[in-house]
Amino acid sequence: MRSSNLGFFLREALKNLRLNLLMSVTAATTTVICVLILGLGLVTYSHVGAFLDSIGRDISMTAYFPEDFSSERVEEVRENVEAYPEISEVRYVSKEQALEDFKETLSEQPDIVEGLPGDVLPASLEITLNNPGDSGAVAQRLQDEGFGEDDLRRNEELVESFETFAYWIMLILGTVTALFLLASVLLVSNVIRLSIFARRKEIEVMKLVGASDGFVRTPFVLEGLVQGLAGATLAALLVAWANSAFVDWAREALPLVPVASGAGKILLVVLILLATGILIGVAGSYFSVRRFLKV
Amino acid sequence: MIYFENVTKVYGGDVVALKDVNLGVEAGEFVFLVGASGSGKSTMMRLILKEIEPTRGAISVDGAKLSAIPRRYVPKHRRNIGCVFQDFKLLPNKTAAENVAYAMEVTGQRRRAIRTRVPQILELVGLGGKKGAYPGQLSGGEQQRVSIARAFVSQPPILIADEPTGNLDPDTSVGIMQLLHRINRIGTTVLVATHDREMVDVMRKRVVALEEGQVVRDMAKGGYTSEV
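These protein sequence lines are chains A and B, in that order. Okay, so the first sequence: first residue is 1 according to the numbering used here, each after it adds one. Okay, so the second sequence: first residue is 296 according to the numbering used here, each after it adds one.
Derived from the structure by calculation, the hints contain no laboratory data. Among the hints, erroneous ones may be present.
[As the list claims (entries may be wrong)] Result set (DSBU-like, lysine-lysine): computed pairs, CA atoms no more than 35 Å apart in a straight line:
1) B:Lys389 to A:Lys201
2) B:Lys371 to A:Lys294
3) B:Lys345 to A:Lys201
4) A:Lys15 to B:Lys425
5) A:Lys294 to B:Lys345
6) B:Lys425 to A:Lys294
7) B:Lys389 to A:Lys15
8) B:Lys345 to B:Lys516
9) B:Lys516 to B:Lys371
10) B:Lys425 to A:Lys201
11) B:Lys371 to B:Lys426
12) B:Lys426 to A:Lys294
13) B:Lys389 to A:Lys294
14) B:Lys371 to A:Lys201
15) B:Lys345 to A:Lys15
16) B:Lys389 to B:Lys425
17) B:Lys314 to B:Lys345
18) A:Lys294 to B:Lys360
19) A:Lys15 to B:Lys426
20) A:Lys15 to A:Lys294
21) A:Lys294 to B:Lys314
22) B:Lys389 to B:Lys371
23) B:Lys426 to B:Lys389
24) B:Lys314 to B:Lys371
25) B:Lys425 to B:Lys371
26) B:Lys516 to B:Lys360
27) B:Lys360 to A:Lys201
28) B:Lys426 to B:Lys345
29) B:Lys360 to B:Lys345
30) B:Lys389 to B:Lys345
31) B:Lys314 to B:Lys516
32) B:Lys371 to B:Lys345
33) B:Lys360 to B:Lys371
34) A:Lys201 to B:Lys314
35) B:Lys426 to A:Lys201
36) B:Lys371 to A:Lys15
[Claimed, not checked] Ranges of calculated distance between the beta carbons of each label pair, as one might list FRET restraints:
37) A:Asn190 to B:Thr303: 34 to 44 Å
38) B:Val311 to A:Leu181: 43 to 53 Å
39) A:Leu22 to B:Ser332: 32 to 42 Å
40) A:Lys15 to B:Ile481: 26 to 36 Å
The model shown is predicted, which means the values in this text are computed figures rather than measured ones. Every residue, glycine too, gets a C-beta built ideally from N, C-alpha and C.
Isolated chain B (complex conformation):
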């Protein structure tokens, strides 16, 4: 589903973010990307979204070589990938329901479809009662649920989350992870970048560890650190 082949990314000529990374994520997998800040996790996420281009190497997502996607088809590419960010990135002037609806509106879906789908998905993430609330009126955990609802509303084959629990307390984090897990169980490929040690250890999923831009460990049912 997501393949990195000898990918190197250098920022500004001398800051090496990724060094010769090879990684394959198959359809339906749940993968944790772990590592300290600056280890290259976010760079991988941004590469997958085609927000930035690799310096060397090739990336393919859902069968498409990213380097071959022209700029005007980038929006279409992104609609195949639901994204969840550490800082939620909700539109502050839109209610929870409107934020979720926006992701459907950009794909030109019918209003009727939007009107039935949005309440369903908000119900699914446990925010059925807060459809009309603005992001400013929601807690961090609730905002992250809205952002997950938005990422998933069009049922993309891939969902990537960059530090989804980074701004949340441990109890709230568990709820968010459970939500991601449920989304994975219905067949979505989920990639989560995190340094939430506890979460990774509890979930026992595939773990890819990055250190200074290189993959240092790739374990099925792994923990945050190599000792089990």
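Isolated chain A, as found in the complex:
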């Protein structure tokens, strides 16, 4: 393709966009819907993912030191556990601290705890895991250190049901987004095919005058690119706006729920959306024109 041809193709494409304005706008609008669905899906996915992650991080296990551990042994184990790679945080709770905590919990009924000796409660390690799935492995290592099975309070059931829940939420969200995306891609390709069908006579004439397939196709593909990019840009702006509105609202209304603002993430989403729009426009035009080139 010569560079002078590129100018010709661009002029042709822009002129055709103007002349077939209604169809161009229809195709671009349909692309907006399609890309918007994908964008909202991606943003929801990332928010839900971040939220589930933050809940997961709160899940911990507690290891109670057996009575026969000397204070040196306690100190040693504590240091070992802090070095575990699966662990994000360890808090040592001494016997005194445990009693303090207990008293605080029962501050309404002070007589229950009155007169208890200082060492009635065992010292413990409160462990926060990076990944709830590692709880089994960590429990095993703690048992190797000398903890009995009864000394470990694993939130196993909670962890497992939480993981199942997170898995299903993400699966449903992904499936719904994919289905909507599929439907809207079919819709866009239909609109493009319709607009090209309306111009099939034109394509036939071009071919009879001696235009090669590529020569006929290029302006159509450029049109598709412009339509796709225009639709995707609008959709991406809407998604970015909706995301920041949601983050602002959530910070205000749900101060206890951690919401990731994720500026980098939204930029990635915007790029994915623009690429998707262009791909839909270009591929849609390319394949729709191809059907009418066999003259």
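Keeping the supplied structure of chain A fixed, place chain B upon it in accordance with the hints.
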């Protein structure tokens, strides 16, 4: 220039459009292809353009066997043949000048060449004043002139016209035929399919008559019918 050898074309398995046609058209000839609707004239035109393939037989155009031309070289083949159709087949969104220019653009010619050549050719067909008009703003005769200008702008060795006057009134038709005649006189091989009896009788050119897909008559300086 154009040779049909035992060409048969059957559509859809049972509609016989051409039956064992032999025809030779030499360079620089002007030939009328006459016959009723359905006699096979348009089929011959479409075969020459390689729009369709013959069921049996061989066709060669400008020294090339059409069956040997791969699909991707068909556009190049068509650039050697200017075509004029009964329904003009102009691009509705382009002006007269742009329609003519398009035929040059597809061959990748320089913009400067296009800018000088297009007004010349429009002048030649008598449309010098209507360069910027869209097909919808032109009369049938004018549209046909644009289409002839487009067919001829790259000076192809062959020009084929399928019922070029079919949609035009007799006076306008004379002008169109004169234009084709002038194009023939500068050396272009011209093949015109028509059932415009008057035109054929006036022009006194070679006449090939088709009937039910067979060549029934081939006369130099002939008329529409066999009696002279």
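Results for each hint:
no.: 1; hint: B:Lys389 to A:Lys201; in the structure: holds (14 Å)
no.: 2; hint: B:Lys371 to A:Lys294; in the structure: holds (15 Å)
no.: 3; hint: B:Lys345 to A:Lys201; in the structure: holds (18 Å)
no.: 4; hint: A:Lys15 to B:Lys425; in the structure: holds (21 Å)
no.: 5; hint: A:Lys294 to B:Lys345; in the structure: holds (11 Å)
no.: 6; hint: B:Lys425 to A:Lys294; in the structure: holds (33 Å)
no.: 7; hint: B:Lys389 to A:Lys15; in the structure: holds (10 Å)
no.: 8; hint: B:Lys345 to B:Lys516; in the structure: holds (29 Å)
no.: 9; hint: B:Lys516 to B:Lys371; in the structure: holds (33 Å)
no.: 10; hint: B:Lys425 to A:Lys201; in the structure: holds (24 Å)
no.: 11; hint: B:Lys371 to B:Lys426; in the structure: holds (27 Å)
no.: 12; hint: B:Lys426 to A:Lys294; in the structure: holds (31 Å)
no.: 13; hint: B:Lys389 to A:Lys294; in the structure: holds (23 Å)
no.: 14; hint: B:Lys371 to A:Lys201; in the structure: holds (20 Å)
no.: 15; hint: B:Lys345 to A:Lys15; in the structure: holds (31 Å)
no.: 16; hint: B:Lys389 to B:Lys425; in the structure: holds (13 Å)
no.: 17; hint: B:Lys314 to B:Lys345; in the structure: holds (18 Å)
no.: 18; hint: A:Lys294 to B:Lys360; in the structure: holds (20 Å)
no.: 19; hint: A:Lys15 to B:Lys426; in the structure: holds (18 Å)
no.: 20; hint: A:Lys15 to A:Lys294; in the structure: holds (24 Å)
no.: 21; hint: A:Lys294 to B:Lys314; in the structure: holds (26 Å)
no.: 22; hint: B:Lys389 to B:Lys371; in the structure: holds (23 Å)
no.: 23; hint: B:Lys426 to B:Lys389; in the structure: holds (10 Å)
no.: 24; hint: B:Lys314 to B:Lys371; in the structure: holds (28 Å)
no.: 25; hint: B:Lys425 to B:Lys371; in the structure: holds (30 Å)
no.: 26; hint: B:Lys516 to B:Lys360; in the structure: holds (29 Å)
no.: 27; hint: B:Lys360 to A:Lys201; in the structure: holds (28 Å)
no.: 28; hint: B:Lys426 to B:Lys345; in the structure: holds (31 Å)
no.: 29; hint: B:Lys360 to B:Lys345; in the structure: holds (11 Å)
no.: 30; hint: B:Lys389 to B:Lys345; in the structure: holds (26 Å)
no.: 31; hint: B:Lys314 to B:Lys516; in the structure: holds (25 Å)
no.: 32; hint: B:Lys371 to B:Lys345; in the structure: holds (11 Å)
no.: 33; hint: B:Lys360 to B:Lys371; in the structure: holds (14 Å)
no.: 34; hint: A:Lys201 to B:Lys314; in the structure: holds (30 Å)
no.: 35; hint: B:Lys426 to A:Lys201; in the structure: holds (23 Å)
no.: 36; hint: B:Lys371 to A:Lys15; in the structure: holds (26 Å)
no.: 37; hint: A:Asn190 to B:Thr303: 34 to 44 Å; in the structure: holds (41 Å)
no.: 38; hint: B:Val311 to A:Leu181: 43 to 53 Å; in the structure: holds (51 Å)
no.: 39; hint: A:Leu22 to B:Ser332: 32 to 42 Å; in the structure: holds (38 Å)
no.: 40; hint: A:Lys15 to B:Ile481: 26 to 36 Å; in the structure: holds (34 Å)
In this structure, none of the earlier numbered hints is contradicted; all agree with it.
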